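> Just so you know, the protein sequences line up as chains V and A, in that order. Start counting the first sequence at 4; every next residue gets the next number (the working numbering). Start counting the second sequence at 372; every next residue gets the next number (the working numbering).
It is worth saying that the hints were derived from the structure and are not from the lab. Model, not experiment: these values are computed from the prediction. Beta carbons: idealized from backbone N, C-alpha and C, even for Gly. Since no wrong hints were added, every one of them can be taken at face value.
Chain V regions said to be covered by chain A (calculated; three or more residues, Cβ under 8 Å):
| # | segment |
| --- | --- |
| 1 | 103-112 |
| 2 | 122-131 |
What the simulated footprint calls covered on chain V by chain A, stretch by stretch (three residues with Cβ under 8 Å from a Cβ of chain A suffice, anywhere in the stretch; the number is not a length):
| # | segment |
| --- | --- |
| 3 | 248-260 |
| 4 | 291-297 |
| 5 | 302-308 |
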Amino acid sequence: MDFGPYLFFAGLEGAVTSAVLALIAVGLSLVFGIMRVVNVAHGEFYMLGAVLAWWITTTFADLVGGHPAIGFAIALVVAPLAVGALAALADYVILQRIEYDPERTIVATIGLLYILQQGTLMSFGPDARPVEAPFNSRIALPWFEYGDAGFALIWPWGFSTTSYKLAVIIAAIVLLLLLWLVLSHTRIGLVMRATQLNRDMATAHGIPVQKVYALVFGLGAALAALGAVLIVPIQQAHYLMGGEPLLLAFIVVIIGGLGSLPGTVVAALLIGLSDGIISVFFTPTLAKIIATLLVAFVLVYRPQGLFGKPLQ
Amino acid sequence: MMNTVRLGVMHSIVLASLAALFFVLPQYHAGNVARIMVFAIYAMGYNIMFGYTGLLSLGHALFFSAGMYGLGLSMHLGSVPAAPALVVGIISSILVAAVVGFFALRTRGVAFMIVTLMFAQVGYLSVLLAGTYTRGDEGFVLPQAVRRIGSIDLSDPTTRYFTAWLFFAIAYLLCARLVASGFGKTLVGIRENEERAQMLGYNVQRHRWVAIIISGTLSGLAGAVFALLWGYAGASFAAVQYSIYPLLYVLLGGAGTLIGPLLGTAFMFYLIEYASELTSAYMLVAGVVLILLTLFLPRGLAGELRRRWLRWLP
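My request is simple: use the sequences and hints to build the entire structure.
The structure is reproduced here in C-alpha cells:
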C-alpha cells in the first residue's frame with residue numbers, strides 16, 4: 004500500500020480516539036475548571052462506564068434477548084447516570100469534608116482510584132470482556148491514485164472502517180455540542196459558570212455551591228463513562244483500562260489550557276490524531292516517552308497550556 | 372539540654388529495638404522487618420520533601436529506581452563489585468533528582484505533582500524501552516556470588532538484616548541531624564510561610580532544590596540497597612504504584628515527623644501483607660487507608676502523638 008492511504012487510515016483511527024478522548028478530557032477539564040481540583044480517579048470512572056456497559060448488555064441479552072442494539076442503548080443511558088451518581092456521592096462523602104483542599108483531594112482521589120479499580124477486580128474479575136456493537140457494517144474506503152490512465156479511484160485491500168466507528172465520531176460531536184449548549188444557554192450552565200468565576204460571590208447570590216460541585220463532579224465522571232460506553236465495542240472492558248486514558252486526558256487538559264473547554268477539544272483532536280500517526284512511525288513506547296516529556300515541559304514552561312491565557 | 376538528652380535516648384531506643392527484633396522474631400518476620408527498614412529509608416527520603424518542605428511529589432519511584440538500576444545495571448552489565456556499584460546507584464539518583472528538581476521547581480502545587488508524575492512515567496517507560504538491558508517488567512536477578520562486600524555475603528539472612536539496619540541507622544541519624552539543623556528549620560519555615568522566608572532573605576528555590584536532592588538521594592539509596600540485598604531489579608519498582616507507596620507510608624506515619632515514616636511503613640507493609648493473603652485485590656486496602664487518612668487522621672500516627680502528648684517529638 005502507498006504511504007498516503009496508510010496515513011489517511013491512521014488519521015481515521017485517530018479520529019475515533021480523539022472523539023472519545025475529547026469526552027473524557029472535557030469531563031476532567033470541567034471538574035478542574037469549576038471546582039479547581041484534580042480528579043485522579045477520573046480514569047476509573049471511565050473504566051466503570053465500560054464495565055457497566057458490559058454488565059448491562061449481557062444481563063439484558065440473558066433476560067430479554069432481542070437485538071443487541073437495545074441493550075446497548077440502555078447501557079448508553081444507564082451507565083453514565085450510575086457512574087455520575089456514584090461520583091456525586093463520592094464528592095458528598097469525601098471531597099466536601101476535606102473542603103476541596105487541592106493536595107488532600109489528590110490523595111483522596113488516589114484512594115478512590117484504588118477502591119474502584121480493585122473493587123472491580125474483585126467483582127468483575129481480571130479478564131477483558133467484549134461488548135457487541137449495536138451495528139457494525141464494514142465500509143470500504145476509496146483512495147485516489149495517479150496511474151497511467153490519470154486519476155483513478157481504487158479500493159485498497161483491507162482499507163476500511165466500520166459504520167460503528169463513524170457513529171462514535173458523530174455521537175461525540177453531538178454530545179460536545181450539547182454540553183456547550185447547556186453551559187452557555189441554560190440556567191444550570193449559568194450557575195456553573197458563576198461558581199467558576201467566583202465561588203464566594205456565587206454563594207452570596209444564593210447559589211447552592213455544594214450542590215453545584217456535586218453536580219459538576221458527577222457530570223465530569225458521567226462524560227468519562229459515556230466515552231467508555233461508546234468505545235467499549237471497539238476496545239473491550241477491563242479493570243485496568245482506566246490508566247492510559249487518564250494520562251492522555253491529563254495531557255490533553257494541560258495542552259489545552261487547564262479549565263478551558265474549547266482548548267481541551269482542540270487538544271484532544273491534536274493528541275488523538277498524532278497518537279495514531281506517531282505510533283505509525285515510532286514504537287508505541289518511544290512515542291509515549293516523547294509525548295509525556297513534551298507535556299511535562301509544556302507544564303514547566305507554559306503552565307497555562309498552548310491555548311490558555313496566562314494566569315494573573 | 373534536656374531535649375538533647377531526650378532525643379538521644381529516643382534515637383537509641385528506636386535503633387536498639389530494631390536491632391534486637393532480629394533475635395526475638397521468627398525468621399520470616401525478621402525478613403519482613405529488614406524489608407520494612409529499607410522501605411523506611413525510602414519513606415524518610417520522601418518525608419524530607421513532602422513532610423518538611425511541603426512539596427508533594429507523585430514521582431519518587433523515579434529516584435528509587437535510579438538507585439536500583441544504577442547499582443543493578445552496573446553490576447549486571449558492567450560486572451562492577453557491590454561497593455562501587457552502590458556508589459554508582461547513589462550518584463545516579465543524585466543526578467536524576469538534581470535535573471528533575473531543576474525543572475519541576477518551576478511549577479507549583481498541582482502542576483508540580485503532575486510534572487513529577489510525568490517525569491517518573493518517562494523513567495518507567497525508558498526502563499521498558501531499554502528492555503534489552505533491563506529486561507523490562509520481568510527484571511533481572513543479581514546472582515548471590517556477586518552480592519558481597521569483601522568477604523561478607525549480603526544474601527545471608529543475618530548479614531542482610533544487619534546491613535539493612537546499618538543503612539537505616541545512617542539514614543535515620545542523617546535525617547535527625549538535618550531536621551535539627553538550621554537548614555531543616557528553614558525548610559519547615561518555607562513550608563509554613565514561603566513569602567516570609569523569602570522576606571527574611573532565604574533563597575527559597577535553592578533550599579527546595581537541595582531538599583529535593585537530599586530526598587532523591589535517600590530514595591535512591593533505598594532502591595540500591597534493596598536491589599543489593601534482595602538481588603532483583605524490575606520495572607515494577609519504577610511504576611506509579613511505587614510513587615504512591617512512600618506517600619502512603621508518610622501520610623499514615625505522620626508527615627514531618629522523624630519516626631513517622633518507619634511507623635507508617637511497618638503498619639502499611641503488614642496491612643498489605645495480610646490483605647494479599649485474603650484477596651488479589653489487596654491494593655483496595657491502600658485505597659481505603661488513603662481516604663480514611665485524609666478524612667480523619669491528616670496528621671498521621673506520629674503527628675497525632677505529637678499533637679496530643681509528646682510536643683517535643685521531632
